[in-house]
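Visitor: Sequence lines, in order, name chains E and W.
Following the working numbering, the numbering of the first sequence begins with 1 at its first residue and continues without gaps.
Following the working numbering, the numbering of the second sequence begins with 1 at its first residue and continues without gaps.
Since the hints were made in silico from the structure, they are not lab data.
Computed from a predicted structure; not experimentally measured.
Any given hint could be a false lead.
What the hints assert, rightly or not - Derived coverage of chain E by chain W (criterion: at least 3 residues anywhere in the stretch with Cβ under 8 Å from a Cβ of chain W; other residues may be distant):
id	region
1	51 to 63
2	93 to 102
To be verified - Now the in silico label distances, taken between C-beta atoms and shown as ranges:
id	chain 1	residue 1	chain 2	residue 2	range
3	W	Lys-95	E	Thr-67	22 to 30 Å
4	W	Lys-101	E	Arg-214	28 to 36 Å
5	W	Glu-275	E	Pro-108	43 to 51 Å
6	W	Arg-176	E	Ser-24	26 to 34 Å
7	E	Ser-37	W	Val-34	52 to 60 Å
8	E	Asp-65	W	Phe-193	26 to 34 Å
9	E	Ser-230	W	Ala-177	30 to 38 Å
10	W	Gly-189	E	Arg-16	24 to 32 Å
11	W	Phe-37	E	Asp-128	27 to 35 Å
12	E	Pro-108	W	Ile-25	54 to 62 Å
13	E	Pro-108	W	Lys-101	35 to 43 Å
Unchecked claim - Facing chain E, from chain W, some residues (calculated, C-beta under 8 Å):
id	residue
14	Glu-178
15	Ala-181
16	Thr-184
17	Gly-186
18	Ala-187
19	Ser-188
20	Val-196
21	Pro-199
22	Asn-200
23	Ala-204
Even glycine gets a Cβ: it sits at the ideal position worked out from N, Cα and C.
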Amino acid sequence: MFVQIEEIAKEFGNQRALHPVSLSIPSGALIALLGPSGSGKTTLLRILAGLEFPTSGRVMFDALDATGLSVQDRRAGFVFQHYALFRHMTVFENVAYGLRARTRGERPAEAEIGRRVNRLLDLIQLPDIGARYPSQLSGGQRQRVALARALAIEPRMLLLDEPFGALDAKVRKELRQGLREIHDTTGLTTVFVTHDQEEALELADLVVVMSMGRIEQVGKPSDIRANPASDFVRAFTAA
Amino acid sequence: MSDVSFTPRAASVTTETALTRRIVIGVVMILIAVLLFAPLIAVFAEALRSGWAASLEGLASPDAQAAIRLTLIVAAIAVPLNAAFGIAAAWAITKFDFRGKALLITLIDLPFSVSPVVAGLALVMLFGTNSWLGAWLIAHDLKVVFAFPGIVLATMFVTFPFVARELIPVMMEQGRAEEEAALTLGASGWRTFFTVTLPNIRWALLYGVLLCNARAMGEFGAVAVISGKIRGETTTMPIMIEMLYNEYLSVAAFSLAAVLALLALLTLLLKSLLEWRYAGLLAATRRH
Numbered sequence: 001m002f003v004q005i006e007e008i009a010k011e012f013g014n015q016r017a018l019h020p021v022s023l024s025i026p027s028g029a030l031i032a033l034l035g036p037s038g039s040g041k042t043t044l045l046r047i048l049a050g051l052e053f054p055t056s057g058r059v060m061f062d063a064l065d066a067t068g069l070s071v072q073d074r075r076a077g078f079v080f081q082h083y084a085l086f087r088h089m090t091v092f093e094n095v096a097y098g099l100r101a102r103t104r105g106e107r108p109a110e111a112e113i114g115r116r117v118n119r120l121l122d123l124i125q126l127p128d129i130g131a132r133y134p135s136q137l138s139g140g141q142r143q144r145v146a147l148a149r150a151l152a153i154e155p156r157m158l159l160l161d162e163p164f165g166a167l168d169a170k171v172r173k174e175l176r177q178g179l180r181e182i183h184d185t186t187g188l189t190t191v192f193v194t195h196d197q198e199e200a201l202e203l204a205d206l207v208v209v210m211s212m213g214r215i216e217q218v219g220k221p222s223d224i225r226a227n228p229a230s231d232f233v234r235a236f237t238a239a
Numbered sequence: 001m002s003d004v005s006f007t008p009r010a011a012s013v014t015t016e017t018a019l020t021r022r023i024v025i026g027v028v029m030i031l032i033a034v035l036l037f038a039p040l041i042a043v044f045a046e047a048l049r050s051g052w053a054a055s056l057e058g059l060a061s062p063d064a065q066a067a068i069r070l071t072l073i074v075a076a077i078a079v080p081l082n083a084a085f086g087i088a089a090a091w092a093i094t095k096f097d098f099r100g101k102a103l104l105i106t107l108i109d110l111p112f113s114v115s116p117v118v119a120g121l122a123l124v125m126l127f128g129t130n131s132w133l134g135a136w137l138i139a140h141d142l143k144v145v146f147a148f149p150g151i152v153l154a155t156m157f158v159t160f161p162f163v164a165r166e167l168i169p170v171m172m173e174q175g176r177a178e179e180e181a182a183l184t185l186g187a188s189g190w191r192t193f194f195t196v197t198l199p200n201i202r203w204a205l206l207y208g209v210l211l212c213n214a215r216a217m218g219e220f221g222a223v224a225v226i227s228g229k230i231r232g233e234t235t236t237m238p239i240m241i242e243m244l245y246n247e248y249l250s251v252a253a254f255s256l257a258a259v260l261a262l263l264a265l266l267t268l269l270l271k272s273l274l275e276w277r278y279a280g281l282l283a284a285t286r287r288h
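Throw the hints in and build the complete structure from the sequences for me.
Guide: Printed below as a string of C-alpha cells:
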C-alpha cells in the first residue's frame, strides 16, 4: 500500500508535536523515522495507525482519504515499543487475537486460525512456544511474538515503534536482520521509528530524519550520509 | 590506618537483630489478638451464652429474618452497581486526559472522609419532603427516605470508593498499550474491555468488590438516618442489632451480630480461597 501524508499537524493542548509535515511512502518500502525524543516521530507513526488523529492535514492510503478511518478499519499491524502482549493469554492466543476479533462472517474457522497462527510462529522461528505466557519469554522472543501478532491480521502496512529499543546489542542485530527478511517476504509497506541512526541507515530503504516536529530530510541512507541537508542531520547521523 | 578494623556482619544490612525482630513481631501479634481477635471471640461467646437453641430462636424471629433478608438484598443491588461505577470511574481516570481529573479523584474519596451520618442526613435533605426533588418524588408516589431506595442509596454512597480505589493504581500501572494493541488488531471497544481490560484487573476488581460487599452489609450510620428504623421494614442487620441491644435482648443481638460477622469472614475466606486456587495463574500473568 502506498501512503501519502499531506500537511499533517498535531497539537496536544498548547504544545505542537508536529508542524505541518508531508511525506510520500512508496508501496512496499521499508522506511525509518529517525530522530531524537520529542521529534514527533512516534506521533506521526500513531497518526498513521489511527491511534491519534491529526489537528489538520490528510492521510491517504492508495490515494484514498483515510484521515477519519478508525483504528480498527485501518488494518495497520502495529508493534508497540514494549510489545504490549496480552499478559493473561498464551502466545497462541495473542497471535490469534486479531483473527478472533473479526466479525462472524469474516472470521476464519478454528482449524484455519490454528493453521495461520502456527505458520506465523514458524515465520518468526519460534514454532514451539504457542502454549507459553509472555512472562515466560525473553525480550527478543516477545518482540517477535508481537510482530507475528501484528502480521496475523493480514495488515495493509506494518508500523513499529522503537522495535529494538529495549533489547541488548546482539539480539538487536539478529532481529534487525529478521525484520528485513520478513519485510522482503511479505512485501508490506513498513515504517519503523528509531532514535538509533546506525539502525536506520543500515536497515531502511528510505530514512526520514525528524527534529522538533519537523522533517529535516528524506533520502536513501547513502544520500543522507553523503549530503546531509542541515547541520542537525549532519550532527545526528554522524553520532 | 591499621586501627580501623572491620567486624564482618553475619546478616545483611537490612536485617535487624533477633531481639528487635522478636519485639516487633510480638507487638503486632498482641495488637491483633487484643484489637481484632478478642472482640470477634467475644461476639460469638455472647451469642452462644444461653446455648444454640436460644440464639437460633433469636435469629428466627420475623424481625431478625426481615433484617437479614433486607441486608442481603441491599448488598446484592448496591455492590454490582458500585462495581460498575467503580470500573467506569477508574477507566475514565486512567485512560483519558480531561479537565477536572484531579477534582474527580478527590471526590471519589469523599465518602471515606465524610461521616456516614452526615451522608445520611444529606440524602434526607435531598430526597425528603422539604426539597423540590423530594416533593416531586412524593407527588409521583416514589418513596426514597424511610424506604428501601433510600437504604440502597445510602449504602452506595458509603461504599462508592472501594472498587475505584482498588482499580485506579492497577490500571495506572498497566497503562494503555494493551488496549491500544487490541484496537489495532481490529477489536471493538467493548471487545477490548471484556478480553483485555477486565482480565487484567480481575483480581483488583474482586478484592474491591469483596471489601465493598463487607462494608455494604455492615453500614450503620448513613442507613440509620435515612431508613427511619421501621422495625421489620427498613431495619438492616446492623440497625436491628442496635435495637435489640438497646432493648436488653442481648442473646438475640449478639446472635445477629455473629451472623453479620460470619458473613464478613465468609467474604474474606472466599478471597483467600480464590487467591490460593489461582496462585499459579496469578504468578504467570503478573507483569512481564
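Visitor: Should the interface hint for Val-196(W) be scored as holding, given a Cβ-Cβ cut-off of 8 Å against chain E?
Guide: holds, 6 Å
Visitor: Lying within 26 to 34 Å: is that true of the beta-carbon distance Asp-65(E) to Phe-193(W)?
Guide: holds, 30 Å
Visitor: Under the criterion of a CB-CB separation shorter than 8 Å, is Thr-184(W) in contact with chain E as hinted?
Guide: holds, 4 Å
Visitor: Have a go at the Ser-188(W) hint: is there a Cβ in chain E nearer than 8 Å to its own Cβ?
Guide: Holds. Min distance 7 Å.
Visitor: Hint Glu-178(W) vs chain E: min CB-CB distance below 8 Å?
Guide: Status holds, d = 5 Å.
Visitor: Tell me if the interface restraint on Asn-200(W) is satisfied: Cβ within less than 8 Å of some Cβ in chain E.
Guide: holds, 6 Å
Visitor: Measuring from beta carbon to beta carbon, are Pro-108(E) and Ile-25(W) in 54 to 62 Å?
Guide: Holds: the Cβ-Cβ distance is about 59 Å, inside 54 to 62 Å.
Visitor: CB of Gly-189(W) to CB of Arg-16(E), is that within 24 to 32 Å?
Guide: Check passed, 29 Å falls within 24 to 32 Å.
Visitor: With 8 Å as the cut and Cβ atoms as the points, is Ala-181(W) at the interface with chain E?
Guide: Interface hint status for Ala-181(W): holds (4 Å vs cutoff 8 Å).
Visitor: Given a hint of 35 to 43 Å, does the C-beta separation of Pro-108(E) and Lys-101(W) actually sit inside it?
Guide: holds, 42 Å
Visitor: Falls inside 28 to 36 Å, the C-beta gap from Lys-101(W) to Arg-214(E)?
Guide: Holds, at about 31 Å.
Visitor: Is the shortest C-beta separation between Ala-187(W) and chain E less than 8 Å?
Guide: Result: holds, 4 Å to nearest chain E Cβ.
In the structure shown, a violation is registered for the earlier hints numbered 1, 5, 11, 23, in ascending order.
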